[in-house]
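Asker: For reference, the chains in residue letters:
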Amino acid sequence: MSNMHVTAKVNGDEVEFLCDPRETLLDVLRDRLNLTGTKEGCGTGDCGACTVTIDDRLVCSCLMLGVEASGKSVGTIEGMAEGDTLHPLQKKFVEHAALQCGICTPGILVAAKNLLEKNPDPNEEEIRYWLAGNLCRCTGYDKIIRAVQDAAKEMREAS
Amino acid sequence: MAKDELSNNFKYIGTRPNRPDGLDKVTGRAKYGADFNAPNMLHAAVLRSPHAHARIIKIDTSKAEALAGAKAFVTRADFPTGLEGEDFYLQENTIAGDRVLYDGHAVAAVAATSALAAKDAIKLIEVEYELLPHVTDVDEAMKPDAPVVREGAQDHSVPEGLPPNIVSYMDFGHGDLKAGFSEADFVMENTYKTEAAHQGYIEPHACVGQLGQDGKGEMWICTQGQWFIRKMCASVLGLEASQLRVTPSEIGGGFGGKTTIFSEALSLALSRKSGGRPVKLVMTRSEVLRATGPTASASMDVKIGMKKNGKMTAASAVFRMQGGAFPGMAPTGMALECAFANYQLPAVHHTGYDVLSNRPKSAAYRAPGSPMAAFAVESLVDEMCRKLNLNPIEVRLLNGSREGTKSSFGPTFRKIGLIETLEAAKSHPNLEVELGPNQGRGIASGYWMNHGGETSISMALGEDGTVTLSIGTPDIGGSRASMALMVSETLGIPYEDVRVNVVETGSLGVNEPTHGSRATFATGKAAVEACNGAIKEMCRRAADKWGIDPEAIDWFDGAAHPSGPNAGDFPPMTIKEIGRRMGRTGGPISSHHATTYGGAGESFGTHVVDVEVDPQTGKTTILRYLVVQDAGRAIHPSYVEGQFQGGAAQGIGWALNEEYIYGEDGRLQNAGFLDYRVPVASDLPMIDTIIVEVPSDNHPFGVRGVGETGIAPPLPAIANAVADATGQRLRHLPISPPKILKAIKENS
Amino acid sequence: MNYHTPSSFSDASAIAASAKGKTRFLAGGTDVLVQMRSDIITPDDLIDIKQIQGVKDITKNKDGSWTLGIAVTGAEMSEHAEFKKAWPGLVEATDLIGSTQIQGRATIVGNLCNGSPAADSVPAQIAAGATVSIIGPTGERIMAVEDIPTGPSKTSLVHGELISAINVPARGENAGDAYLRFIPRTEMDIAVVGCGVSLRLDNGTITEARVALGAVAPKVLLVDECSKALIGTKLDETALKKLRQAAENACNPINDKRGTIEFRTEVAGVLAVRTAKKAYNRAQGK
Amino acid sequence: MAEVNLWSGLRQFTDGELLIIVKADTVGKMLDELVSIYPNLEPIIEAGVSVAVDGEIVAGADHTPIKPESEIFLLQQFKGG
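Residue numbers (the working numbering), protein chains in the order written: chain H, 1 to 159; chain E, 1 to 748; chain B, 1 to 286; chain W, 1 to 81.
The hints are simulated quantities; they were obtained by calculation from the structure and are not laboratory data. There are no misleading hints in this set.
Straight line, CA to CA, 16 Å or less: simulated EDC-like cross-link-like pairs of lysine to aspartate or glutamate:
1) B:257 with E:675
2) E:406 with W:54
3) B:50 with H:55
4) B:56 with H:55
5) H:72 with H:13
6) H:118 with B:79
7) H:91 with E:24
8) E:123 with B:39
9) E:745 with B:262
10) E:415 with W:54
11) E:406 with W:71
12) H:118 with B:76
13) E:119 with B:39
14) B:257 with E:665
15) E:739 with B:262
16) E:31 with H:31
If you want the ones that stay clear, here's a sample from chain E, every Cβ over 10 Å from chain H, calculated:
17) 9
18) 66
19) 79
20) 153
21) 160
22) 247
23) 303
24) 351
25) 432
26) 435
27) 464
28) 509
29) 510
30) 537
31) 545
32) 566
All residues carry an ideal CB built from backbone N, CA and C; glycine is no exception.
Looking at chain H on its own, in the form it has when it is part of the complex (with noise of 0.2 Å):
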């Protein structure tokens, strides 16, 4: 079959792309859309770097067809920080050393900012198992969840 048309919203923008039916939303969003922030650790959801929202969802974009997006509003790392003013997670992650190599921090991060978003309070044991689809293999993780717990606060304070 020849390539398709489709049309979305990715971070807040109208995008039109054509794609062959069997490619990824990462193979899309990578390859197609130039927007390289998206990362693929395994291609079968078993990592989560490729970590993306769709209509504000969680979802690994490796197991999600490019044509599926039609017409779905896509958000990526690319989207995360407005402007100059970083998401207080994307702050706090540099702040408490919550990256050593960074392959894995744009899906946390991704996944973060939907969990602060339903879960403004998350204790420990939350934030493990919401991110327990986001292999680190450097940090043992203990920086990536403080960042998270100090990020959640000061956003609540901010609020």
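Chain H is already provided as a structure; the job is to place chains E, B and W on it using the hints.
Answerer: Structure of chains E, B and W alone, referenced to chain H:
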């Protein structure tokens, strides 16, 4: 600077500023291996053997070649012949010759106009195999009647009469072993096994290679060491190293696994065959697990003699390790050097075997060899402490290596920090927590010798007085921040005024990779040397201006100050002023330092873990975890803690769940993150850390490498904790629920 | 590969029925896309059934029973307070499938049709007494969930058939369900053993019981002997002992990379007891 | 002059000697001397060894100076992860 001159009075060292590459890495802007694209680029895919051992009878690419979009194919026939030694093995691992040696061994590769087209083309290649018998277990491979992985591969170290899969042999030690054991009140000997584990970096190997008919090439790649990639690819393809320029991307984890090449040279070979078009090669996760280098699996006999009070009198170890189908890959020697490093031993002996099997070519993984050795030795020490009813920390304090101890592998230790880690662990509140039913506590120590190595670095002063540092060791865990801190401290300028760039192979002399826990030690030391060179030049510029002797100038707080008889004669000349005027005061100011460093200070660590084991299912839960390790000097304490915590997490995974599982057919059963089970966030507690600082006397700030030691103690610490909780001693990792439950049932 | 987005189940069925090559239906895609990625299957026709009207609905029927659309995700089930209150065991089983991200896509119909004996939601569906509505070239039919899987990756659906809805009975009074599984980590693993239990009580005495075991046989088992061990008891020690034995007896597992025969059998008994206790507490309103 | 301690597996290449006295003031010269006395050591040293000088392990740093009283050990080559 000698150790007694070390000062704790630092302005920048020991602070925790934001890492310079932090913003790029939290916004998705940082470019990793697979994020690079070149104009007119093709995409590669690799056909891999489904067999553990087979002869290749025929490879037919005709159907694949007819596919639209398929542009180039390579097999071994496209590579030069006549290579020897490690070069030959690198080439043979890149692509199989007449035989495939493991499940996942590359057989052919294709470049096509899209990744999908390349994948389609691979499926159309027909390969005819003649199956050969295979062996994947180290003990099986050592048997005289085992299938022979490689004829004539034994090196000169192997005593006559040993089976052909034993390709290297070693023994070393000192003292009278027999006398030592006969002096002991209690001698215990056991056999321990560990399974192969993978580094499990989240970023699969990725590169874009471009190579023209003129032999000039480019490669963009995620690697721990761009010069290693250059040298290895050049050897495998018969190129001149200087004609290949290798640019490192940001790197998504390595842990030793990205210090060598696996399939990278295929992208260059395909590029050469497709008229020099750039070719992108990105591994899938399954390819990473099947065809890159996990660590060795090990089978180990350990024997220790002790007095009733816990004093050790003698120890011996026999280690058998397989590192895949390629000689020299099992870290047997390093494992043995680490095995008894924690202990003062009047008599000790080590014997080691490097064994071939039909598995992928092993690569370095965080303190290669040390975790297996620690598992065997620290488990046995714990077993003996239990039998003799002795406190395991006290026994380690009694026997622990310290300055002046003749090490188990020969040399006399200089200043080291093992005792300090044990003392610090002893007084940590975690040890006060009372344990409940089915809970247990385990302790173990570990060692890594660390490495210096080939290092080349440049720094340059900008016109505004800020500084650019060009380094050759990729930043895998925040090392840019450490470098910037050391430069700030040395020059006395703000952290923000230093930019650290990791550069390509054309910009510096040869650098070894970020490996051996060497980056902060060696690149940091070279950075300080380069800064000192620049300070000398800046003082000379001030001296010229002031008309005084450069020797009569002190550099501090980022400025030249007249000293001695001239003190106070001139206002300080700041680095900003010097930078602004350097064009007309003698030209650009830059400084270079290149050397091979020895004498990296070794690092010891002690871990304490509390676990709870479900007696009905055998499932282990980590309740508390403490890492204590000697960092020499923590330049950026957050990233030191991060290394401790990350090492512990990897060790926990290796201890409890991670393993390469081969079927009867010699195929890897768990080539994915679903069944190669690395720890997830909900598996772990917070990981407490204590940074011990016993400064190394061979680094200007006292730095010891910290990256590797932390993966060794978790394996035995967890086995010891499980034994404490259940009464069951598991001597074969991973300590999975089926194994624990079986032990509980059999022994109850 | 052809990608289809039919707007009705009969269209979907017709596309599948007329397809010559390999066909797959796409709902959440968390199995199909993995299989495509791993080269286990490359469908010639992929039929996306999410654009059919009503497939995202969770409907409470007048008689108290529930109809779940085939594209309802795990996350949507967890967020549906009333359904979760009625069938906490089915919801917790579904919630155990994969990560938060997987929950955003995965469906229990997909979990069922994938045919894995280790599928987490299936023992809970069977324990709940759920049925599925099926549309095919010869019309519609309804089948019990336990009759859908026939073996690893195999179902009793015939060429051109697909599930159009899942029907969960009314919960009724004094009843509760639960699901527990064993995995070596805390998350992200495939069940080594799974157990779903649904109970109804009368003054503390069990009057109805359904016990299903996953990953201990070629397909998920509904174990009558386990039900018999429970019915008429107050879940006393004798009943639990019988339950455990019955669960162990029902096992016909394999040795594989995830567990041994011995381990699976032992843990099936352990989980049956633990799950029954949890369901019993729920039935008592605890 | 310096005393070099070999690992015991090298005994077969040195007529059973494990403590060799060589004339050298750097690690590199020491290794060359060893090979000139015992040519059978060449493949091992060429393949790479680590050397400990006064308790400091040097790998590949042949320029490292040694003193007559230095404690010198030849070790199995190591590299890190």
